[in-house]
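Chains as they are written, first to last, in the numbering used here: chain X, 1 to 113; chain Z, 1001 to 1114.
Read the hints as simulated data drawn from the structure, not as lab findings. Do not take every clue at face value.
[Stated by the list, open to error] Stretch by stretch, here's where chain X covers chain Z in the computed footprint (C-beta under 8 Å, at least three residues):
1. 1045-1058
2. 1085-1099
3. 1106-1114
Heads up, the beta-carbon is just placed ideally off N, CA and C, and yes, glycines get one too.
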Amino acid sequence: AQSVTQLGSHVSVSEGALVLLRCNYSSSVPPYLFWYVQYPNQGLQLLLKYTSAATLVKGINGFEAEFKKSETSFHLTKPSAHMSDAAEYFCAVSDQSRNQFYFGTGTSLTVIP
Amino acid sequence: NAGVTQTPKFRILKIGQSMTLQCAQDMNHNYMYWYRQDPGMGLKLIYYSVGAGITDKGEVPNGYNVSRSTTEDFPLRLELAAPSQTSVYFCASSYLKPNTGELFFGEGSRLTVL
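Could you put together the complete structure from these sequences and hints?
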């Protein structure tokens, strides 16, 4: 079975500071990995995805993530936080055999002015 | 450009009542999904469909039923509502298989069972 673990349910950063949201995965086969963002009272939208091409993936709004097989990690980063980045972020891994995603429990990002 | 549309956005049910959450997409996507989101638990898959007439159970199907008579619509039926079904429900769709594609989500339906 596949799963993802997000370390830290709440992260606070100052505006302009580095954003680092952690995600570790468990998979017996090469995974596809995703980061989704959920703004208040909205559905989720895709930030970026890794599908076995380049290990450093760039997404929307200045976010990027690096796939590290040796560490089974797919951490999300952004060099400089903006107030509009305040949201809930979900890491997800796909199960190729069953056409399903498995979502992590989410990390709530607060940006302090 | 509607995308995925869910109705209703809010609903309060009494224990034992039944209701249907509606979901429609106008993107001609084959794959559709129902998730529930509970605080600190992330999203759990209830049911999914790979095309009209084909549905399958996800992680937490008990207490729910679905049907997929058309490509566009994927309603979720709650029979005999229980307090444990208080949650936010999200419908999603994708054109490609989920392992390669992008899921498009509706804005959610917030259900409270009292």
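Quick rundown of the hints versus the structure:
Remark: the stretch 1045-1058 of chain Z is confirmed as covered by chain X, as 4 of its residues place a Cβ nearer than 8 Å to a Cβ of that chain, reaching the required three. Residues of the stretch 1085-1099 of chain Z with a Cβ under 8 Å from some Cβ of chain X number 5, which satisfies the need for three, so the listed coverage holds. With 3 residues having a Cβ less than 8 Å from any Cβ of chain X, the stretch 1106-1114 of chain Z passes the three-residue criterion, so the hint holds.
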